[in-house]
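Just need the whole structure built from these sequences, with the hints factored in.
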Amino acid sequence: MVSGITRDWLLSDSPASRSQAAWGRRYRLWLQFRRHGLAMAGLCVIVFVVVVSALAPVLATQNPGAQDLAARLAPPSAAHWLGTDELGRDLFSRLVYGGRITLGMVLAVVVLVAPFGLAVGCVAGYAGGIADKVLMRVTDIFLAFPRLVLALAFVAAMKPGVESAVFAIALTAWPPYARLARAETLTFRNTDFVAAVRLTGASASRIVLRHIAPLCLSSLIVRVTLDMSSIVLTAAGLGFLGMGAQPPSPEWGAMIASARRFLLDEWWVPTIPGLAIFVVSLAFNLLGDGLRDVLDPKQS
Amino acid sequence: MIHVADLRVRFGQNEVVKGVSFSVPRGASFGLVGESGSGKSTILRAFSGLNPAWTGQMTLDGEKLRPKRDKSFFRRVQMVFQDPYGSLHPRQTVDRALSEPLLVHGIADAQPRILRALAEVALPQAVRFRYPHQLSGGQRQRVAIARALMAEPEVLLLDEPTSALDVSVQAEVLNLLADLQQARALTYVMVTHNLAVVTHLCGRVGVMQGGELVEELSAEDLRAGRTKHPHTADLRALTLNLEEPDL
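Those sequence lines, one after another, are chains A and B. Residue 227 in the numbering used here sits at position 227 of the first sequence; the count goes up by one each step and never skips. Basically the numbering used here = 1-based index in the second sequence + 1000.
Check each hint, because a few of them may be wrong.
[Stated by the list, open to error] To give a feel for the contact side, a few chain B residues facing chain A, derived at Cβ under 10 Å: (1) Gly1086; (2) Arg1091; (3) Ala1097.
[Claimed, not checked] Simulated restraints, written as ranges between beta carbons of each label pair: (4) B:Gly1210 with A:Val138: 39 to 47 Å; (5) B:Asn1241 with A:Arg26: 48 to 56 Å; (6) B:Ile1107 with A:Leu107: 38 to 46 Å; (7) A:Phe142 with B:Glu1015: 41 to 49 Å; (8) A:Ala16 with B:Leu1217: 35 to 43 Å.
[What the hints assert, rightly or not] From chain B, some residues computed to sit far from chain A (all C-beta separations above 10 Å): (9) Asp1006; (10) Gly1210; (11) Asp1221; (12) Leu1238.
Hints were generated in silico from the structure; no laboratory data involved. Ideal Cβ placement from N, Cα and C applies to all residues, glycine included.
Below you can see the structure in the form of structure tokens.
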């Protein structure tokens, strides 16, 4: 049995290489994670949405921008699985393409924010003194702004669009990560194992990069996953207010905004993108909860 | 080899080490004993460079030590910590922990060196890629000792290296330390509150009380009870009482 051999290899208590040890550790975490039904459901939904978005050109039944005014606001049917919007565009195709924009924005924000927050927090926590004070006061200033208001002001000052929305969300999303990384760094900086590394003569940057940052990573991953839902919501909110993705592009928040007039008579037109936002946000939250139980046992 | 003169360390308003002086010749072992809070560990941390807030004089092989140490110092002096559960990085395998000093100092042929180090502290090859949580306390302390020896230091600072271990494992680790000292001509400075441990390993013993070195004597004198300072006699009596409560 091939899977049996692989399983034994992964669970071996005396691995033969560093990578086997690392994969064994990951596999044990996965076994733990698999027991969380809701978190697994969240993971499945997210994998599903990612796959659907990646395959959007194949899955979409029609061009998401193609207008057909004769068939506007049509209810779901064989031709239009989820109906059409006010310009006769196929909602299913728009939803599928919209997933690309939403997930792309989430990914862009995370890629910008997580490493930056981690770096600021670790440096502040490990260096201490003046560097810590300056970095943390800057963090406090950003933390004091209401998230959506700062994002709105920032987008309004720049040109409304997906890129400005990403920057605006990133600008307001990093401070919690910096605080989290700093708190974690403070708990590790005076441990004996860090003292032992200092006694090898390692430089401060090496200690932070190779010994402290990896330890902060797991709680950061949990926090980022839980925050992804609020990034989805902020992105949709900016889209709804006309400050995010611009009209022809099928971003979910913008779709709700342009269809909100029809909520009473053709309810499915704004409801369907709303459901998509709801399901993806919920999935990220469930996934984050499961990850927290696995990666961060001390907090549960 | 090691010469400490009038060492003082303060934490805020509180002077923890109040002018301690001692010297250790090359290849010898010096023990520091005393109650908790008597400042013995603080002396080790100051000497190792972990605590730069000290005044006085410390020399290594005639070379004056400054609060900030350079890389070459850490090749010559290494430390083993009290708690083997806290002194190994929880996410790094034994292999990674042992290769870290080699990487930092740019020492080549890591593979054979790691295998040799494991053999030297009597650990099986199977533990090489295990994480610390997969090892017993004694095994962890052996890994910590192996790590300290990777860069081939001349001085080993031992901060209560056995007090967190089971009694049976304590003896194994002590014997290992004694063998290593023979094989490598190491100089030891050991901190402990256990007089039996200190007389087993160290030729000379300094007794600490309230941040001062109140008496320095040989291990034989301590064993035979030829003490001068009342605190030494107290410590000794306490140990005897614990070992033979009927007497």
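Outcome of the hint check:
1. Gly1086: Constraint on Gly1086 of chain B satisfied, holds at 4 Å.
2. Arg1091: holds, 6 Å
3. Ala1097: holds, 8 Å
4. B:Gly1210 with A:Val138: 39 to 47 Å: Since the Cβ atoms of Gly1210 of chain B and Val138 of chain A sit about 45 Å apart, the hinted range of 39 to 47 Å holds.
5. B:Asn1241 with A:Arg26: 48 to 56 Å: 52 Å Cβ-Cβ, so the 48 to 56 Å window holds.
6. B:Ile1107 with A:Leu107: 38 to 46 Å: holds, 41 Å
7. A:Phe142 with B:Glu1015: 41 to 49 Å: Given range 41 to 49 Å: holds, Cβ gap about 43 Å.
8. A:Ala16 with B:Leu1217: 35 to 43 Å: violated, 51 Å
9. Asp1006: holds, 24 Å
10. Gly1210: Non-interface label on Gly1210 of chain B holds, nearest chain A Cβ at 25 Å vs cutoff 10 Å.
11. Asp1221: holds, 33 Å
12. Leu1238: holds, 28 Å
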